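**Q** What follows is the residue order along each chain.
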Amino acid sequence: MGNKKKAVIVGLVVLLVLFALLPYYASGYNVSFVALVLMLIILCQGWNMFSGFTGYVSFGHHVYFGIGCYASAILLTRYGVSPYLSMLAAVALATALALIVSLATLRLKGVYFALTTLAVAIAVHVLSLNIAITGGGKGISLPPEYHLLGFFYVMLALALVAIGSALLIKNSRIGLALSAIKGDEDLAAAIGISSYKYKVLTLVLSAALWAVAGNFYAWYVTFMHPTDAFQLHRLVTAMVGVIMGGTGSVGGVVIGATVFGIVNEVLWARFSTIYLMFLGIALVLIIRFAPTGLIKTGESLIQKVRAKGGKGVGEHPGSK
Amino acid sequence: MLENILEVNKITKRFRGLVALKNLDFSMRQGEIHGLIGPNGAGKSTLINCICGFYRYDSGAILFKGRNIAKGAPYKICGMGITRTFQIPRYFAHETVLRNVMAGTLFGRSSLSGRDAKRNAVELLELTGLSVKEGALTKELTIGDLKSLSIAMALATKPELLLLDEPIAGLNPTETTAAMELIKRIRNEWNITILMVEHVMKAIMDTCDRITVINFGEKICEGLPKEVGSNPGVIKAYLGEEYVF
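Protein chains in written order, with my numbering: chain A, 1223 to 1542; chain B, 4 to 248.
Errors might be hidden in some of the hints.
Using 25 Å as the maximum straight-line C-alpha spacing, the simulated DMTMM-like pairs for lysine to aspartate or glutamate come out as follows [unchecked claim]:
#, chain 1, residue 1, chain 2, residue 2
1, B, K74, B, E98
2, A, K1526, B, E143
3, A, K1518, B, D212
4, B, K13, B, E163
What follows is a list of derived Cβ distance ranges for each label pair [to be verified]:
#, chain 1, residue 1, chain 2, residue 2, range
5, B, G173, A, I1231, 46 to 52 Å
6, A, D1408, B, M204, 25 to 31 Å
7, A, A1379, B, E126, 41 to 47 Å
8, A, F1255, B, R59, 52 to 58 Å
9, B, G173, A, E1487, 51 to 57 Å
10, A, G1361, B, I91, 52 to 58 Å
11, A, L1505, B, M208, 55 to 61 Å
12, B, K142, A, V1527, 22 to 28 Å
13, A, D1408, B, N43, 20 to 26 Å
Honestly, the hints are just simulated from the structure, not real lab data. Fair warning: this is a prediction, and the values are worked out from it, not measured in the lab. Beta carbons are placed, not taken as given, at the ideal position from N, Cα and C, and that holds for glycine.
Chain A extracted, bound-state conformation (with noise of 0.2 Å):
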């Protein structure tokens, strides 16, 4: 077992080493293809740390993800202020919003708790649409320097960040609270858990986390309009990425939004203008056979292979 955890290691840092030095061996379009999907993976693990873990389903992540892009790139043209700079606005203004929205909407169940998220978004979008800071329809130009090295690193360092406190939550004593009030959330109330309190806890992480994403990727795209700030699609994405990866599941997480992202990709490539139809189709083909998402269903398969083969692997560790 030792040798085995030391494997999964050292892989883990050449994959690591292999990641770090891209741009020294690829192409300008696949570092920035690669960069793009580690942003995937930030954001669906931003999203699945809240409602993955908690099963608060949020149809408002996107808002977090435009708050981000127009921090930077308000403080950006108006004041010169670099995106390291302006990622800390970014991170100050999700968490005030995601504090008002926890304050409207943690009390709310199920459909009614996604749909005010998502009115939420609606709303900044329009707001963002009808003001004068934001440029209105007419958008934001930021200064066209191409900031693609930059862009690549800052989304691993995320992406590193992203997945190492979503597996810290999970394995602390909050990922059980959090699964505890997914579970049951009265059970959890009379057993001490304040569920208010750790979703609040999630909701700002997970925003906080968007935002950021947000913030250095207007800088790099070097344009920001409000459809694109507040893209739904972007939100959907995400949650596909999570879907397919096996919700609450961190490692699951990040392989669903790689195969996600190239998928998205090869099929954008060769299909521009009907690709989302096949995205459709895959989506339904998962949560059909695959609900409990890829990484789940193969281990279940490869058990119930082994069992077949005699072997007995696929005892529970209960049963004994």
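Given the coordinates of chain A, assemble chain B onto it according to the supplied hints.
**A** Chain B alone, transformed into the frame defined by chain A:
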């Protein structure tokens, strides 16, 4: 004389037109096992929900160790030392038995950390006879095991007052005996005061020190098991007129 650990003073709880609890007075002495009985819909579970903060009552006051706990959210009430179980056992279905109990040891009044929480949870599983199922998922348990798990989870929070909503109903005779023994042990060894809502009369009569009977949200009698069992009003309201002890 033992002091009252819990005092419910003139509680009224309405659900729209229905008055579920009507000016109900109810008290529990430190260290007793108190039975709460009454026909279906009498207000027993409503009372538990009011005490634990799940329902807001319309008037009256609830005092725990002399302190008013009216505005407490359920998790705060648990933190004060009152923990309840549910009539239909509730549990975290996608977690193991051990982690279900650990949720209690980590977050209840004891709020143990890491290793202590686990050790305490393992002890509680031993006490409730669930040790062998420690690693099993809760959805694999029988109803008897689930009731034991509920009690283990409640004890994990280190309560001073334990409210058991039908801990016996649905158990087979062997399990019933074991559950009754367990309830007595919880009181005798840890001095936890227990309120027990139950329909199984033999269990109530054998386990409880005192019994309160309510009907239509009002108290109709209170006393020793013997007194209550022979009270004509109780027999009429609850057990049926033809019921013979």
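**Q** The structure should be examined with respect to each hint, and the outcome stated for every one.
**A** Quick rundown of the hints versus the structure:
1. K74(B) / E98(B): violated (31 Å)
2. K1526(A) / E143(B): holds (19 Å)
3. K1518(A) / D212(B): violated (52 Å)
4. K13(B) / E163(B): Within the cut-off at roughly 23 Å; holds.
5. G173(B) / I1231(A): 46 to 52 Å: holds (49 Å)
6. D1408(A) / M204(B): 25 to 31 Å: holds (29 Å)
7. A1379(A) / E126(B): 41 to 47 Å: holds (44 Å)
8. F1255(A) / R59(B): 52 to 58 Å: 55 Å Cβ-Cβ, so the 52 to 58 Å window holds.
9. G173(B) / E1487(A): 51 to 57 Å: The hinted range 51 to 57 Å holds for G173(B) and E1487(A), with Cβ atoms some 56 Å apart.
10. G1361(A) / I91(B): 52 to 58 Å: holds (56 Å)
11. L1505(A) / M208(B): 55 to 61 Å: The hinted range 55 to 61 Å holds for L1505(A) and M208(B), with Cβ atoms some 59 Å apart.
12. K142(B) / V1527(A): 22 to 28 Å: Between K142(B) and V1527(A), where Cβ atoms are some 24 Å apart, the hint holds.
13. D1408(A) / N43(B): 20 to 26 Å: holds (21 Å)
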